[in-house]
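S.K.: So you can see what is in the structure, the chains are spelled out below.
Number of protein chains: 2
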Amino acid sequence: MKTRIGIYGYGNVARGVECAVKQSADMELVAVFTRRDPATVQILTPGVPVLPAERVGEYVEAIDVLMLCGGSATDLPVHTPQLARLFHVVDSFDTHKNIPTHFAAVDEAAKEGGKVAVISAGWDPGLFSLNRLVAGAVLSNGVDYTFWGKGISQGHSDAIRRVEGVLDARQYTIPIDSALEAVRSGETPELTTRQKHLRDCYVVAEEGADLERIREEIVTMKNYFDEYDTTVTFVTAEQLKAEHGGMPHGGFVIRSGKTGWEEEHKAVIEYRLQLDSNPEFTALALVACARACHRMAAEGQTGCKTMFDIPPAYLSPLDGAELRRLLL
Amino acid sequence: MKTRIGIYGYGNVARGVECAVKQSADMELVAVFTRRDPATVQILTPGVPVLPAERVGEYVEAIDVLMLCGGSATDLPVHTPQLARLFHVVDSFDTHKNIPTHFAAVDEAAKEGGKVAVISAGWDPGLFSLNRLVAGAVLSNGVDYTFWGKGISQGHSDAIRRVEGVLDARQYTIPIDSALEAVRSGETPELTTRQKHLRDCYVVAEEGADLERIREEIVTMKNYFDEYDTTVTFVTAEQLKAEHGGMPHGGFVIRSGKTGWEEEHKAVIEYRLQLDSNPEFTALALVACARACHRMAAEGQTGCKTMFDIPPAYLSPLDGAELRRLLL
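These protein sequence lines map, in sequence, to chains A and B.
Here the first sequence stands for residues 1295 to 1622, where the numbers follow my numbering.
Here the second sequence stands for residues 1295 to 1622, where the numbers follow my numbering.
With the rest of the complex left out, here is chain A:
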């Protein structure tokens, strides 16, 4: 029997969920819920209804796992606790510092509703977190490094768009090779913010704008750019769309440490993602977590879970015997 999936909130990650469900023989999409006028929302999957968000309650029997695809800033802190009373849910809440608060609110709601809620699924938080946990649990005497990119940072792109005279912008976060190599060598260097990442910006300016002033405002912007080496390239709107219209991302989680009675041996664990499409890959992780969520629910578990709590086998459509035979 397939896992019946609903999508709540329809943006880039939701479109990725549609793609992921299409790739998964054990999943089917039942309905998409939106707070916009459903008539204006064009989804990818033929024959699946798009419904107003307030009708989601009619689907408690028809949906096994509801994928919450709103934003972390204001949507998910409300949606996830609310909907975890009614549905098994998966979200991609990614405001790291607020995860404990979000967990507590969702855990209470899910337990009251007798539901399983998987939060902060995706790749960071998500697969990167999982790798930090496992690497740290195994290589206990070591240091963690996370590098992001090459990839688009939405927050930094938005910050540039707020500069006067800027019409549009894309910002790439780029890990610096020499820092990566230093960590991979098995050393445990202390790296400054500037040594770890570059910021590479592509900016469309208003006609006649003072480009030097815009450049200066960007590279000195507090919290966003002032601690980095930042390059700014002005391009036309057409160039931006043609050459910087994708949503690539990725990065590295590396743990470097020592083994042996006298700490005489080095060990390095590296996990790397290279993604042409950040939202599509995030969605694939969410859908694997939906599979696990459905299984934990079938076992009678309730409450809030993260990828830390999911037995890895539950993520896979294969059964235990197949996994052992094929992958162990």
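These are calculated hints, taken from the structure and not from any lab test.
There may be inaccurate statements among the hints.
Where chains are identical, the list cannot tell them apart; a pair therefore holds if satisfied intra-copy or between any two copies.
Claimed, not checked - The calculated lysine-lysine pairs, modelled on BS3-like cross-linking and capped at a C-alpha distance of 27 Å, are:
#, residue 1, residue 2
1, K1490, K1516
2, K1516, K1560
3, K1560, K1490
4, K1296, K1490
5, K1405, K1516
6, K1560, K1535
7, K1560, K1316
8, K1490, K1391
Starting from the known structure of chain A, arrange chain B on it as the hints suggest.
M.R.: Chain B alone, transformed into the frame defined by chain A:
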């Protein structure tokens, strides 16, 4: 309360377990059991008794998890089912094709004894398997690649030692950069055995031996070397010890696949280990599994488990709230 660890069988991995326990504040070593004369076995940890294997039964109350450190060929197929009736156990059984049989025998024994037995822990099988599982569950439309090395292959070193006129040898398995780069690029090439790995051999020959005949016998050896590009370098016994006396290993698990409605985007997931000491790192993974084993046992679980079945949080000494705050 600390997890009280016993070691059964005292070789390289067992010494690694001692090092790992020393690094783990939540673990303590209680006893080492050996089939040799205990008086001849010198362990690293002061004050811990070395006892004859047949006395292990006296320790059922004193040991929480018994680490089975025998070999996969003949020891573990006997030891693990036998001892899983008496103890929660962890082994590193690594004969891939026999894992299903081993699992079945251990599962029956552990369930009869009311114990938890974690088998095939380590890095391959173990962490590499875990990464194959998670990468495949997420990036469902993709292809897996595993590369080993640079590292010592014990089996290939032993095979060389059986050639007439050879006194000693070490064989390094080395992944070929061009193959790695092809996979990392997001393509899914079909790679032959010869394209993936080189075999680099260091050989100590008897005085007066026909070196060209030895070289020829090695590079043409069926199942071991004939499908690879193999280099043979003759060295003195002193050079072998000084320059090739370590036990480095490692490798890469890479999954390359497609995302998107029309499979229009590439994604690559890469996991890499670089280990100065293969047995010490293997032992660190075993000890993290011992922590998880003890927790699963405390919950009343029984039977055979692999790393596929362990909620990742159970591997870590940190509690759920700390893990979410620090690592998610």
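S.K.: When Cα atoms must be at most 27 Å apart, do K1516 and K1560 count as within-copy, between-copy, both, or neither?
M.R.: neither (38 Å within a copy, 34 Å between copies)
S.K.: Could you figure out if K1405 and K1516 sit no more than 27 Å apart (CA to CA) within one copy, between two copies, both or neither?
M.R.: For K1405 and K1516, neither the intra-copy (42 Å) nor the inter-copy (60 Å) Cα distance is at most 27 Å.
S.K.: For K1560 and K1490, with the copy left unspecified, which applies at a CA distance of at most 27 Å: within, between, both, or neither?
M.R.: both (22 Å within a copy, 25 Å between copies)
S.K.: Pop the pair K1560 and K1316 into one bin, within, between, both or neither, using alpha-carbon distances up to 27 Å.
M.R.: between (43 Å within a copy, 17 Å between copies)
S.K.: Indicate which option fits the pair K1490, K1516 if close means a Cα-Cα distance not exceeding 27 Å: within, between, both or neither.
M.R.: within (18 Å within a copy, 48 Å between copies)
S.K.: For the identical chains here, do K1296 and K1490 meet the 27 Å Cα criterion within one copy, between copies, both, or neither?
M.R.: Classified as neither; 44 Å inside a copy, 38 Å across copies.
S.K.: How would you classify K1490 and K1391 at a CA-CA limit of 27 Å: within, between, both, or neither?
M.R.: within (21 Å within a copy, 43 Å between copies)
S.K.: With identical chains, the pair K1560 and K1535 could be close in the same copy or across copies; at 27 Å between alpha carbons, which is it: within, between, both, or neither?
M.R.: between (45 Å within a copy, 20 Å between copies)
Hints 2, 4 and 5, counting from the list given before, are not met by this structure.
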